[in-house]
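Protein chains in written order, with the UniProt record's numbering: chain A, 1 to 417; chain B, 1 to 417.
Think of the hints as simulated: they come from the structure by calculation, not from any bench.
Treat each hint with caution, since some may be false.
Here are the simulated lysine-lysine pairs, DSSO-like style, with alpha carbons at most 27 Å apart [claimed, not checked]:
(1) Lys-46(A) to Lys-2(B)
(2) Lys-2(A) to Lys-55(B)
(3) Lys-344(B) to Lys-344(A)
(4) Lys-55(A) to Lys-46(B)
(5) Lys-158(A) to Lys-362(B)
(6) Lys-274(A) to Lys-362(B)
(7) Lys-116(B) to Lys-220(A)
(8) Lys-158(B) to Lys-142(B)
(9) Lys-116(A) to Lys-94(B)
(10) Lys-46(B) to Lys-220(A)
(11) Lys-79(A) to Lys-220(B)
(12) Lys-55(A) to Lys-142(B)
(13) Lys-362(B) to Lys-271(A)
(14) Lys-27(B) to Lys-46(A)
(15) Lys-46(A) to Lys-181(B)
(16) Lys-158(B) to Lys-220(A)
(17) Lys-362(A) to Lys-131(B)
(18) Lys-79(B) to Lys-220(A)
(19) Lys-274(B) to Lys-362(A)
(20) Lys-220(B) to Lys-46(A)
(21) Lys-181(A) to Lys-46(B)
(22) Lys-220(B) to Lys-131(A)
(23) Lys-46(B) to Lys-2(A)
(24) Lys-55(B) to Lys-46(A)
(25) Lys-220(A) to Lys-131(B)
Stretch-level coverage of chain B by chain A, calculated; a stretch enters the list once three of its residues show a Cβ under 8 Å from a Cβ in chain A [claimed, not checked]:
(26) 188 to 194
(27) 291 to 305
(28) 325 to 333
(29) 349 to 363
(30) 389 to 396
A few chain B residues facing chain A, derived, Cβ under 8 Å [to be verified]:
(31) Thr-20
(32) Ala-26
(33) Lys-27
(34) Ile-40
(35) Ile-170
(36) Ala-211
Beta carbons: idealized from backbone N, C-alpha and C, even for Gly.
Protein chains: 2
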Amino acid sequence: MKATIITIGDEILIGQIVDTNSGFIAKSLDRIGVEITEMISISDDKQHILDTFEKLQDNVDLVLITGGLGPTKDDVTKKTFCDYFEDELIVNQKVLAHVTDLIEGFYNRPITQMNKDQALVPSKATVLHNKVGTAPGMWVKKRNTVFVSLPGVPYEMKYLVENEVVPKIIKEYSRPYIIHKTVLTYGQGESMVAERIEAWEDSLPSFLRLAYLPSPGRVKLRLSARGTDKEFLDAELEKHLLSLAVIISDIIVGYEEDETIEVMLAAALQKQGKTIATAESCSGGSIASLIAAVPGVSSCFKGSVVAYDTRIKTAVLGIPEAMIEEFSVVSATVAKAMALSVQKMMQSDYAIATTGNAGPSKGDSDAEIGTVFIALATPDEVIVEEFNFGQPREKVIDRTVYKSLEMLQKEIFKNVL
Amino acid sequence: MKATIITIGDEILIGQIVDTNSGFIAKSLDRIGVEITEMISISDDKQHILDTFEKLQDNVDLVLITGGLGPTKDDVTKKTFCDYFEDELIVNQKVLAHVTDLIEGFYNRPITQMNKDQALVPSKATVLHNKVGTAPGMWVKKRNTVFVSLPGVPYEMKYLVENEVVPKIIKEYSRPYIIHKTVLTYGQGESMVAERIEAWEDSLPSFLRLAYLPSPGRVKLRLSARGTDKEFLDAELEKHLLSLAVIISDIIVGYEEDETIEVMLAAALQKQGKTIATAESCSGGSIASLIAAVPGVSSCFKGSVVAYDTRIKTAVLGIPEAMIEEFSVVSATVAKAMALSVQKMMQSDYAIATTGNAGPSKGDSDAEIGTVFIALATPDEVIVEEFNFGQPREKVIDRTVYKSLEMLQKEIFKNVL
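Bound conformation, chain A alone (with noise of 0.2 Å):
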């Protein structure tokens, strides 16, 4: 089964927002099977979309758009709708009372005729209902083709994806299964992992891929299996990755289904009843907010000290003054020390700590743009490492806050083994 994303919106295609919508519904359709051909963003002109239509009708089963449907933008895609589906508009009862309601009782104010239109949906559309917000979603089929249209706030998307398209598409189809595996590599580059595994990469079956996916700093090899008997994939997946474990046991440091690392360290510190702190200076609170954008994080999550400016770190932090002249702000010896002062004002089992300079100018010490300390307390000892991540500064900050994700993973996996 093969599915095509389009996202409707001139702000897209300026830059002024980025699609993360079509990446959502990639991995929600992707885990049942279903095939996503390409993703395209294109603007709210209805003859572009239109063109668009007619170029993937009957060349896959499922086109899924997001985007136009705003009260402001309704009329475009509506009206698209209706051209392309030679179908008129007419108004759905529920969505109505729904919209009524939504709007009169929860924001309190007298609802309007464009709140009304939304309302009107194509004759000839199957209605997906949006219990978060006022646009409804759509489902049309056209000889071969679906076409299902969602609203563009990513939270409604969201909601009409996981409760209404998803269900609607396992029920009325049939897929292959799609499984992947990923395998977290930690400490060689990706021709350098390439080089060690060319051998194995070579004798893979054809009906699993191997994919690399580099970030800074590490390699994730993703194996993916396609096919109808799931037993027989789950087998060759596992067969094929003790071989691979083999040959580069050195530098895996773990397996991920499919979550992100501050997830799978979340359920780590909560199994084992341990909880962490950090106390930020260069990655400013990203750590934090990493982990404390984790659902149900909070018996693991005890909070963070930023200590932006270099006297919060002595005022808060309670780091020496004379320490700081000794040493200078970006060192080992302060990351440890506001390592050890975090783990121990918020009584935690593991702290976090960072100081570096991210860049673009040079701030309260003369260390290297780029240079970052990063010091990780746990029950028995404080661990620091010293970085040099280059410019520019997103890319310090990005690679401050998952390297030492990645040093209290090592941590915490270590202790399970």
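Using the hints, position chain B against chain A.
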């Protein structure tokens, strides 16, 4: 001048990574008057890439391609280029010297065959030198269309766009002016705003285009002008923005050229010589990390206490246990106390505090999921507002962050006027 952006990579099509490269390229080209017709994400498959090139050939002036340039993916993209341009790969000595320097000098390990292969480029290509990585960019013209291939690693792509691609386009092509002005409104929904300005919108000349960019709690109105006479466009934009301001002066909170709210806030604080600190519970450090990501922010950003665990509010911020027990941890009183505490602790002029229940389940209070209190301490007073941001968790955190920044922006604007 028209351009299309292509991103190549299976990891995008299965939703494992979100394509942020296209947005960056689009923004950079839009600024210099290049119109983006489409953004397309496709798989690593050679035939698929060739078909896409063929469809775009002579229909757009420029095709920008990212991804598919890592050492293990070199083969596909470069060989596709050779096929499409009837060309062959040759060693580029300048690239080889650079790759050797980078690997042997910076990474301090011997160069591998795969590294060496990165210096292979199609003979007809103009090489765009990538000083921040090993994969070179390539610029090849076929009839009326230029194809530019860029690495997929975001900061390498950005380096090449800013330092090579944009200057080359400016030098070689004449383009119209595209000017965007964005009006920030606050407090009314998209449909409400649209109804109020309907007559104004209908009277806009054809070279001005209006777009609504709604996000939770606020609506941005973007007015875009396109033409060859920059002075005329500037004057027309100003005229129509003034007449718009007369109609909705009650909800306009600001204007932006092309900046995010945190960049504008940092600039305003620095101009006034004021500082900010945050005390975050439900937002988990997201406000701090957003502010800390702004370059040069150290002169106005002191730091933050992320008091995620309720006990940390007492232990670190000194919020009395009795107060938490009497008013609950999610309350105006506690928010206010948090803001005052961090303002004092960090000796900042302004302080933002957040406490709420982001869900998915209830935490240390009985407050309904989605309830958030935001307090803003100014040099003169403390303002507290209560919100219900509904669900899900990511929406609650996101709205807490932006509402906080908006409250601060309102205060700072007030001081300027």
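Quick rundown of the hints versus the structure:
1. Lys-46(A) to Lys-2(B): Given pair Lys-46(A), Lys-2(B) holds - Cα atoms ~19 Å apart, limit 27 Å.
2. Lys-2(A) to Lys-55(B): holds, 20 Å
3. Lys-344(B) to Lys-344(A): With a Cα-Cα distance of about 22 Å, the restraint between Lys-344(B) and Lys-344(A) holds, given a limit of 27 Å.
4. Lys-55(A) to Lys-46(B): holds, 20 Å
5. Lys-158(A) to Lys-362(B): Answer holds: Lys-158(A) to Lys-362(B) is near 22 Å, not above 27 Å.
6. Lys-274(A) to Lys-362(B): holds, 21 Å
7. Lys-116(B) to Lys-220(A): Satisfied, since the Cα-Cα distance of roughly 22 Å is no more than 27 Å.
8. Lys-158(B) to Lys-142(B): Roughly 24 Å separates the two Cα atoms, so the pair holds.
9. Lys-116(A) to Lys-94(B): Distance of about 64 Å is beyond 27 Å: violated.
10. Lys-46(B) to Lys-220(A): Judged against 27 Å, a Cα distance of about 23 Å means the pair holds.
11. Lys-79(A) to Lys-220(B): OK: Lys-79(A) and Lys-220(B) at ~24 Å, within 27 Å.
12. Lys-55(A) to Lys-142(B): holds, 25 Å
13. Lys-362(B) to Lys-271(A): holds, 20 Å
14. Lys-27(B) to Lys-46(A): Judged against 27 Å, a Cα distance of about 23 Å means the pair holds.
15. Lys-46(A) to Lys-181(B): Status holds; Cα separation ~24 Å.
16. Lys-158(B) to Lys-220(A): holds, 23 Å
17. Lys-362(A) to Lys-131(B): Holds, at about 21 Å.
18. Lys-79(B) to Lys-220(A): With Cα atoms ~24 Å apart, Lys-79(B) and Lys-220(A) stay inside 27 Å; holds.
19. Lys-274(B) to Lys-362(A): With a Cα-Cα distance of about 21 Å, the restraint between Lys-274(B) and Lys-362(A) holds, given a limit of 27 Å.
20. Lys-220(B) to Lys-46(A): holds, 23 Å
21. Lys-181(A) to Lys-46(B): holds, 24 Å
22. Lys-220(B) to Lys-131(A): holds, 25 Å
23. Lys-46(B) to Lys-2(A): Roughly 18 Å separates the two Cα atoms, so the pair holds.
24. Lys-55(B) to Lys-46(A): holds, 20 Å
25. Lys-220(A) to Lys-131(B): Between Lys-220(A) and Lys-131(B) the Cα gap is close to 25 Å, so the pair holds against 27 Å.
26. 188 to 194: holds (count 5)
27. 291 to 305: holds (count 12)
28. 325 to 333: violated (count 0)
29. 349 to 363: holds (count 4)
30. 389 to 396: holds (count 6)
31. Thr-20: holds, 5 Å
32. Ala-26: At about 3 Å, which falls below the 8 Å cut-off, the nearest Cβ of chain A leaves the hint on Ala-26(B) intact, so it holds.
33. Lys-27: Because about 3 Å separates Lys-27(B) from the closest Cβ in chain A, which is inside the 8 Å limit, the hint holds.
34. Ile-40: holds, 5 Å
35. Ile-170: Ile-170(B) check fails; min Cβ-Cβ to chain A is 17 Å, beyond 8 Å.
36. Ala-211: For Ala-211(B), the interface hint holds, since the closest Cβ of chain A sits about 6 Å away, which is under 8 Å.
When the structure is compared with the earlier hints, violations turn up for hints 9, 28 and 35 and for no others.
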